[in-house]
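*Asks:* Take a look at the letters that make up each chain.
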Amino acid sequence: MEETVRVSGLSKTYRAERRRPGRFGWLRSFLTPEYVDIQALEDLSFEVLPGEIVGLLGPNGAGKSTTIKILAGIILPTGGGVSVLGRDPHKQRIENAREIGAVFGQRSHLIFDLPPIDSFGLLRHVYAIGKDDYDRQMALLTSLLGLDDLLLQSVRTLSLGQRMRCEIAAAFLHRPRLVYLDEPTIGLDIEAKHAIGRFLTEISHEQNTTVILSTHDLSDVERVCPRVVLIDKGRLAFDGDLGYLLEHHARERSIQVDLPSSGADELISGLRRDWPGLRYEQFEGRFVVSRVPDRDAVTEVTRVLLSTDGVRNLRVAEPRLEDVIVNAFRSGFPDG
Amino acid sequence: MVRALRESVLPYVGTWLATFRSCWALRMEFLISIVVAFLIAVIMRSLWLAIHSASETVQTAFTDREMVSYVVMSQIINLARIGHTNRRIVYGAMSRIARGQVAMDLIRPQVFQLTRYAEWLAVFTFDALVVGLPLWLVFRLVGWIPNPASPVHGILFIVSLAAAWLVMSGIHYLIVVIAFRSTNVFGIQMARVALQEVLGGSLIPIALLPGALLAIASVLPFQALVFTPVWIYLGRFSGADLARALLVQWGWAALLAVAGMLIWAYVRPRVVVFGG
Ligand SMILES: Nc1ncnc2c1ncn2[C@@H]1O[C@H](COP(=O)(O)OP(=O)(O)O)[C@@H](O)[C@H]1O
Ligand SMILES: [Mg+2]
Chain A
114 MEETVRVSGL SKTYRAERRR PGRFGWLRSF LTPEYVDIQA LEDLSFEVLP
164 GEIVGLLGPN GAGKSTTIKI LAGIILPTGG GVSVLGRDPH KQRIENAREI
214 GAVFGQRSHL IFDLPPIDSF GLLRHVYAIG KDDYDRQMAL LTSLLGLDDL
264 LLQSVRTLSL GQRMRCEIAA AFLHRPRLVY LDEPTIGLDI EAKHAIGRFL
314 TEISHEQNTT VILSTHDLSD VERVCPRVVL IDKGRLAFDG DLGYLLEHHA
364 RERSIQVDLP SSGADELISG LRRDWPGLRY EQFEGRFVVS RVPDRDAVTE
414 VTRVLLSTDG VRNLRVAEPR LEDVIVNAFR SGFPDG
Chain B
30 MVRALRESVL PYVGTWLATF RSCWALRMEF LISIVVAFLI AVIMRSLWLA
80 IHSASETVQT AFTDREMVSY VVMSQIINLA RIGHTNRRIV YGAMSRIARG
130 QVAMDLIRPQ VFQLTRYAEW LAVFTFDALV VGLPLWLVFR LVGWIPNPAS
180 PVHGILFIVS LAAAWLVMSG IHYLIVVIAF RSTNVFGIQM ARVALQEVLG
230 GSLIPIALLP GALLAIASVL PFQALVFTPV WIYLGRFSGA DLARALLVQW
280 GWAALLAVAG MLIWAYVRPR VVVFGG
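Those protein sequences? They're chains A and B, same order as listed.
Residue numbers for the first sequence, in the working numbering: 114 to 449.
Residue numbers for the second sequence, in the working numbering: 30 to 305.
Hints are supplied without guarantee of correctness; some may be wrong.
Derived contacts from chain A toward chain B, CB cut-off under 10 Å, selection only [stated by the list, open to error]:
1) Pro-163
2) Lys-182
3) Ala-185
4) Ile-187
5) Gly-199
6) Asp-201
7) Asn-209
8) Arg-211
9) Ile-213
10) Ile-224
11) Asp-226
12) Tyr-293
13) Gly-383
Worth flagging that the hints you see were computed from the coordinates, not collected in a lab.
In this text, all values refer to a predicted model and were calculated from it rather than measured experimentally.
Every residue, glycine too, gets a C-beta built ideally from N, C-alpha and C.
Chain A with its partners taken away, still in its complex shape (with noise of 0.2 Å):
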């Protein structure tokens, strides 16, 4: 099968200008300007099928918005190269624009002072979407994204949630053959995010779009992304099963809780002798139980916790992105 996406090689290098210090620094930064490079992409290599949903997870300044740039043609790699739906996105931008959408969790489609049903329309002209296929299409979003009370609000009086539900309708409008979703999720609530993500599994089983979604949230590509593409410093840290990824780097979590005054003691020393793999540190005031190796595991410490009087505000805290890569880097990758 022809793959939608062929990552092979990339780099990116940004040149950004430094101030120099001390007190004229500014002054001798303007005469003779110093530039300092920025290795944002190194040696990045995917590929992406059609129909797949892909998860491009980093934490920040990983590189993740740097590759979907050039995947958009927006910017030009520095190396490397890139082939979207078999075509150079930058040359071809155009052509290219045509069939691909974007979400950007920090732009937007919609024009300001006007209801998103006015941006709507822009976009019908923009992409040269026949009528029929702009009412079917539209019926499906607004069902699937719950658009029908916003389409002729002002954007300008929209909350985060409402309007990211309808960039990511303008995104979708022409029935585009691959999306990317630049951190689309970026202060929602949970709520929301689960919206997102049963929107993207809906449309893409419904109308066969690729998807790549990037985001630093582990809790984002779960049950939307069976496989992700984990990326930490512009390199590869990761390619595959999303499934294999948590099992294998991703199990270890912390329970943290209010102790009472009395007693508490005894419950620590009864925990380190029957589970003595575990760490256990005072924290901010709170006692915190970590490398918690797995969810048997979890249930098992909360239950005793719980069991005794006046443990008080448990949290279960799932792994750390940051965790699973230090994990993934050390174990090295599942296929070589």
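Assemble chain B with the ligands onto chain A, guided by the hints.
*Replies:* For chain B with the ligands alone, coordinates are given in the frame of chain A:
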């Protein structure tokens, strides 16, 4: 064939429509434009009448009626109308670049330059309908301005106004493209406004500039903005002069458009889109 045509024309029609709607949503600001333009026209008229009665040079160039007609017409079609229209056009595009919003332009199947022109055409047509036309009617009724010198002059005035708009958009576009590479375009912007005011004909009729300056002004693009259309409207160009003036105007319109294309082709591979 039909499809290719639809795909290449519709995006700009859509852009025009959407921008026109945005202007309508901001119509209050255009109303303020009317009031300001009206007041400036009234003040400029008094000012130039005073200069006229005091200066023999001016008297040889214009009768007092002609002076008033020129000054008022130049305010009506003032493409550089300080204020809303102008700010919207250039600052709008520049702030999109600064905020990285321009990424949204680059993921659409639209030519960047044509999209900007389509946007600016919408602002221009809206301004012409909401500010220019009402002002023209009012000043025509009070008799400060005449009808076009002849029906032919009327038509050529529109042709010339179209060229003036193209020249203005060409200048705006160059500034916007430069904004991709430099964060200090405000200086250029200020210089443009100054040049336009002095050499465009809205502050002083070009014909009254001293010799050397007149020679410079008549080859620069700025006189194409206000002076040429007004001069045609008033019937002061005829025959070969008229043809030459239109040719210079359209020549600048084309030259600036091509320059915009070339500079964009140079800047495009170096574009850095900021943020997230
Ligand atoms: N325009 C730019 N100029 C200089 N450095 C940049 C620019 N854009 C991004 N970077 C740097 O490149 C790296 C990757 O950035 P980015 O792709 O935005 O990461 P992510 O989206 O994963 O957070 C970061 O170190 C960032 O500071
Ligand atoms: Mg980013």
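*Asks:* Confirm or reject each hint.
*Replies:* Right, here's what the structure says about each hint:
Hint status for Pro-163 of chain A: violated, given a least beta-carbon distance of 20 Å to chain B, over 10 Å. This hint holds: Lys-182 of chain A has a C-beta 6 Å from the nearest C-beta of chain B, less than the 10 Å allowed. Contact between Ala-185 of chain A and chain B, as hinted, is supported at the beta carbon level, the nearest pair being about 5 Å apart and thus within 10 Å. Look at Ile-187 of chain A: its Cβ gets to within about 5 Å of chain B, closer than 10 Å, so that hint holds up.
With its C-beta approaching chain B no nearer than about 17 Å, Gly-199 of chain A sits outside the 10 Å limit, and its interface hint is violated. For Asp-201 of chain A, the shortest C-beta to C-beta distance to chain B is roughly 12 Å, which exceeds 10 Å, and the interface hint is violated. The criterion of a C-beta within 10 Å of any C-beta in chain B is met by Asn-209 of chain A, whose closest approach is roughly 8 Å, and the hint holds. Restraint check, Arg-211 of chain A versus chain B: the minimum CB separation of about 5 Å is within 10 Å; hint holds.
The criterion of a C-beta within 10 Å of any C-beta in chain B is met by Ile-213 of chain A, whose closest approach is roughly 7 Å, and the hint holds. Residue-level restraint check for Ile-224 of chain A holds (minimum Cβ-Cβ distance to chain B is 6 Å; threshold 10 Å). A distance limit of 10 Å between C-beta atoms decides the matter here; for Asp-226 of chain A the minimum to chain B is near 4 Å, and the interface restraint holds. Taking 10 Å as the C-beta contact cut-off toward chain B, the hint placing Tyr-293 of chain A at the interface holds, the least distance being around 9 Å.
Evaluation of the Gly-383 of chain A hint against chain B yields a violated restraint, the C-beta minimum of about 48 Å exceeding 10 Å.
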